[in-house]
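These protein sequence lines map, in sequence, to chains A, B, C and D. Heads up, the first sequence is in our numbering, so the first residue is 450 and it goes up one at a time. Heads up, the second sequence is in our numbering, so the first residue is 450 and it goes up one at a time. Heads up, the third sequence is in our numbering, so the first residue is 450 and it goes up one at a time. Heads up, the fourth sequence is in our numbering, so the first residue is 450 and it goes up one at a time.
These are computed hints drawn from the structure, not numbers from a lab. Positions of the beta carbon are idealized from the N, C-alpha and C atoms, including for glycine. Do not take every clue at face value.
[Said to hold, decoys possible] If the Cβ cut is set under 7 Å, some of the chain C residues that face chain A in the computed set are:
#1 C465
#2 L467
#3 G469
#4 F472
#5 T544
[Unchecked claim] Chain B is faced by these chain A residues, among others (derived, beta-carbon under 8 Å):
#6 R514
#7 Y515
#8 M574
#9 A587
4 protein chains.
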Amino acid sequence: MAEPFRHRLRVRWSECDLQGVVFYPQYLAYLDHTVTELWREAIGPYTEMIPEHGVDMVVAEAGMRYRDSARFDDELEIAATVTRLGGTSMTTAFTIERLSDGALLTEGELRHVFVDPDDFGKREMPNRVRAGLERFAAAAA
Amino acid sequence: MAEPFRHRLRVRWSECDLQGVVFYPQYLAYLDHTVTELWREAIGPYTEMIPEHGVDMVVAEAGMRYRDSARFDDELEIAATVTRLGGTSMTTAFTIERLSDGALLTEGELRHVFVDPDDFGKREMPNRVRAGLERFAAAAA
Amino acid sequence: MAEPFRHRLRVRWSECDLQGVVFYPQYLAYLDHTVTELWREAIGPYTEMIPEHGVDMVVAEAGMRYRDSARFDDELEIAATVTRLGGTSMTTAFTIERLSDGALLTEGELRHVFVDPDDFGKREMPNRVRAGLERFAAAAA
Amino acid sequence: MAEPFRHRLRVRWSECDLQGVVFYPQYLAYLDHTVTELWREAIGPYTEMIPEHGVDMVVAEAGMRYRDSARFDDELEIAATVTRLGGTSMTTAFTIERLSDGALLTEGELRHVFVDPDDFGKREMPNRVRAGLERFAAAAA
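Please take these sequences and the hints and turn them into a complete structure.
Structure follows, in structure tokens:
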């Protein structure tokens, strides 16, 4: 079974709120940054997605479970595993851990749908994209 | 059965992304703005939460289903119904509709937990808070 | 001399930082929201800018002086005066005040340039746009 | 004369707007991220600022000149030079360049004021902070 893709980032001041912790919608943006980097590793820069593959992606579903809080300047590691590669969609599961103590902060899931860049209608996942993503796919996917 | 709480806002330029639509984590912030306004109506300004009630809230779980996209300058109506009032937590269900055509754009759910403002340990929901929230609670809650 | 355009908004939780105040880049976004509303009043929705007038705008210069801080849930009034209407650019001066006590929080200035929507090259300000903006222009503009 | 401090980052999807470029208030946040990293190099983590030095900082003035646009996935290099070390304030000048072609995208300036963490009243810059910052100070500062 494949290893998850791992991305590291440091919490920015601009991402924290009045409670002294990362504002909870911001973790969803962290997942998005991780997808960008997973894509670069698996397929290539996302900027080539539309010109090379003629498709774009949108998020159809997102879920987050917040277990502990990240604070300003914490270094985080986000692990991503593709858990389902469907005909027109993919599901990815994520964990966010704090590097200093390995604490699990957040678990999340995103379901992306492949779409036509102009009308946002569903499109088949291109074969080259599927082949690249399989590298980070769980056995069951 | 109680009516949901309704909050309206207009999509800002700063909330849209390269695809010409609202960036998906931003909808979670829209739910947060709505909770602030529901709170004002049900209980009072959230700024009085810690000094008056000695508790704070954090989000433990969030879920979003994206059905259609909001665009820059769209006016949105967010409806919120408290679906569960537990001992230390509350769950709220949301819909986001576009005012111009009534299209359902997003459905979401947040589970808040009442915590100690200092150590983030769980705390009982204060009675006055519970009483205020019941006004926007579904029958089952 | 014309009255400034005035826009009101309430500070959102998501706009505040660890110091308990609005994060300073966020005030620049407040100016942007105000330009959108000034535009609606003076000319029409900004979404019609490219299809109707064939031009777009970009910001070439921004300046902010922070005098006092806005806090979560404060209601703010942003006043905007067009101080210069050039051939291809406009300059707007802003003040941000807190409604509850009239305190001046921030003074700012934006210089917008009219550009070709495709290549971002400079374009003349359309006459109908200029006519609309004159309503909120200082005598000297 | 000292070398400027240099920080690199990659433009995130969440930082771009409908025009396909970085939203202009976001560049101000880029300067803020750079100050955090300059601080780490010159003095130590900013999280130790209040406990170790008993002071905090706020931004009193900001200026930006936008020359060209950064796009999604661009790698940027931000150079920071401390141009003035006053009794209670410091001024820093920044340039933001695109790494791929060295194009100058933005020039900016921030004036920070040292303040009491509780009442935001002005405070003297601590000597150890001043000594650290001199490493990235222009000759004139």
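Hint-by-hint comparison with the structure:
1. C465: holds (5 Å)
2. L467: holds (5 Å)
3. G469: With a closest approach of 6 Å, the G469 (chain C) hint holds.
4. F472: holds (6 Å)
5. T544: violated (24 Å)
6. R514: R514 (chain A) check passes; min Cβ-Cβ to chain B is 5 Å, inside 8 Å.
7. Y515: holds (5 Å)
8. M574: violated (18 Å)
9. A587: Hint violated; A587 (chain A) Cβ to chain B Cβ min 21 Å, cut 8 Å.
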